[in-house]
Amino acid sequence: MVKEYKGHKFKSGKFVTPFNELLTQLGKEEQWYLGRLPEYMWLALIFDSHPREKAMILIQDILQELNKFLPDTIMQPKISYILQLNEEKQQDFYQYLSSKIEKSVLSPLTIIITYSISRPFSKYFSNKDEGIEDKISKLESTIQTFSSQHSEQTTDIRYLVFYYIQLRNKIIMPEDQSELINQYPDLTHNNHLMPLIRPMVRNLEMMSTNFEENPNITYLEMFWERMSELTDCELFSVQFEIEDALDKKTALENCYKELKYFTDLFHTVSPLDHKMLVLLGLSTFSYKRFLELIEHNLYNTITGRNVVRSLIENYIMMKYLILRESEKPNIWEEYQYYGLGQFKLITERYEDTGDVYPNSHVEYKYLSLIVEEYKGKDFIDMDLNYFDRHNIKTKAEMVGESNLYKHLYDYDSIYEHGLWGAIRESSLLKCNTASHQFHCVPDIENQQKLKSVWHDCHLLMQKTLNILKELYGYPSHLEVKGK
Amino acid sequence: MTKTKFQEELIHIQNEYKALLDMGLIEWEDEYFIEFIEEVNLFWKQNEPVLLNIYKYEFPQIDTVFLTAVTKVDLEYMQHYSMKITGSICLIDDPLISYLNLLNRETPKNIREKLASVAQANIKESLRLIESCSNDFFILPIRTIIPIDIVRKASEQFFVSLFNDISNTEDYFKKIKTFDDIEQNLKDAVKTWILFGWDDNGYRSGNLKERFVDFVKTEYIGNKNCAAGEIFFFSQIGYISQSMNILFTMMELNFVPYIRGIVPFRYLTTLYSSLKENLKLNLDAQIVRISISYFFERIFEYNLVSEIPYNEYLEKINGLSLYKYVEDTLSLNNKELYEISLRQVDLTVEQFYKNEFLVRLK
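Residue numbers (the working numbering), protein chains in the order written: chain A, 1 to 483; chain B, 1 to 362.
Note that these hints are calculated values from the structure, not bench results. Note that this is a predicted model, so its numbers are computed, not measured. Among these hints, one or two may not hold up.
Said to hold, decoys possible - As a list, the in silico DSSO-like pairs of lysine-lysine whose alpha-carbon atoms are at most 30 Å apart:
| id | chain 1 | residue 1 | chain 2 | residue 2 |
| --- | --- | --- | --- | --- |
| 1 | A | K3 | A | K319 |
| 2 | A | K123 | B | K114 |
| 3 | A | K451 | A | K463 |
| 4 | B | K124 | B | K109 |
| 5 | B | K109 | A | K103 |
| 6 | A | K128 | B | K124 |
This is chain A alone, in the form it adopts within the complex (with noise of 0.2 Å):
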């Protein structure tokens, strides 16, 4: 039993990253563009309307000013805290701001605080002459500018955050790294002791965040509402190739010539052979789900997944049905009765609890008669395992076909499942609008396709059939040249 894979430990049945084991994930108002931004869209804002020397000076002399208006124990320089201040103070702050700012730069912010959330704010900063698309768009904007914590625009913005803290005098650090750190707003981004000072910018004002008590998230949830609200989302889908439908047929065909081969061969010289019958019984399946998958065109569709994985399950059982045929020489009957016995436990419960769903598509009394083809019902048995007790995975281990079972079955079956890596690789579309938080969004216009199952498919189809040519033989020159 594997113990580990890639540092991942093995626990109860989950392969643990390190990361898991060790921290603990920043909630969301913590995150940068999730908690922190929207927060300091006010510096954002105030930044990106004057080139950044002159920006960084400036927001210097605004977060002097505001500390004279915060409380001490209000460590950063968050709006929510400033709206929290009473009316007067907040005017007083405000008129500051516009002795230094055009009213124009902070108008944006006045969609998200409104008359109702801030009546000073609004009345200092709203502009009549621009309409409210305008104010959205330049937020939309600012929002895509900062919204990677990484970036040298937010770790500028971030440098400011952490200058205020230190106005408040609670920082403590080594002189030398003080000294470094205080040379950030004069040195350009591209000079030799940037990629040193601005992890440590963003470290330390990330750790400020430990500080905070009670973050306020009814201003963050105001924000994101407020933006969702009044701004349409960008959708896109991912483009592959769209397989051509065209050119399927010939390789059908082919298929249908060689399988018709081999069910002459078991008509004209073994029809009672079991063995014989279970292969080209999977092969015939095999060859249905390949025919369906070309002429229905699903190569690029969430049921072509389905056939892939339904070609690899039969293709490793017809192997293993091979190896295990030594040891056990019944083992075709058995694998019939193992199925028609999963046909019994359908019907019997269809018996007892009778006609559930009447217009469902299950033929219980067909299904009844095919249980009973050969033997009564009495003598056969209903088994709850999985055949011959090996499930999939290590039945493709003892045929030498893993690699099929990790690189394409299992990611098949997360499809046939339902499960959510498959919901949204398949059914929905990518937002690439900021203020949406990059959310994704249902599909229902079926624009996103996926890649081509065709090759995978029509490589299964080849394997499947060369396992009945290497049994029974196949005439050399049947044999399609280039396929």
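Using the hints, position chain B against chain A.
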């Protein structure tokens, strides 16, 4: 009945709007009034996508009526009671935002004062309605779903079509100066239905010129010294725009406007008849219903119900449907508009009032 998530959201929006209106009333004409107007604009902008979905999914089109072309709901005259006899969903088309936005601009003082008074009365009445008939009526700026520039262009086009040989408004202002110009160039058919103000009774009030002069003297609030052509334009463009807006809203949502005033009723029905063929409109059923409720409003005696508490009134009228009664009685559902006699409709409405409605009140 279990509410849908959209319905819950609608109630939430209404409650938020109420809170905003309460705040606005306190702030009226205070230093923060402009900011209040901005917030109301933003409020509806923010809720626009969800409201469009609610109109599409939650309101059963032709069974949804919206009171429109009024400055406010007249609760004193039991407007909400008369509406309840009609559609299964009753909405109030809120004009407040348009008044507020006019107040936000450089408007002449006399118009500004009038608008302010109208807007305040609207807010007070809306608040009363929300409080007394909680979640039974919804106050929404329904007509704002139609972009204002589309309404303006269509209205101006319609206005110039009332005249012979006028191609656009620029042409109109060049050629039409005096009242004689108006009278000579206005199409004859138009003279039969045009109205000047709410007090104009058509030809019962005098000839066209007498009515126009009377209108300028008593009702017109713009500059009375302007040329007659200009006054005429402004006297008509408002009614035409309003009706055009209502018509486009009907086309978009398939709801039924609930109209009580003669001016909007006449202008809307005329507009529909004029544009029906060109625009391939299929709103006959809605137009018939507009007429039914218009006739009902004319005979509705509010004092008979003013003492009945709202919930008790709803119990009394349970199962009554004015539209269904008239449509079934006159087999209107398979008839074209031109086949329907308005006189018959009026009489059947009266029949409903006496034999069905009044009986329930006893």
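Please flag the earlier hints that this structure goes against, numbers listed from lowest up.
none
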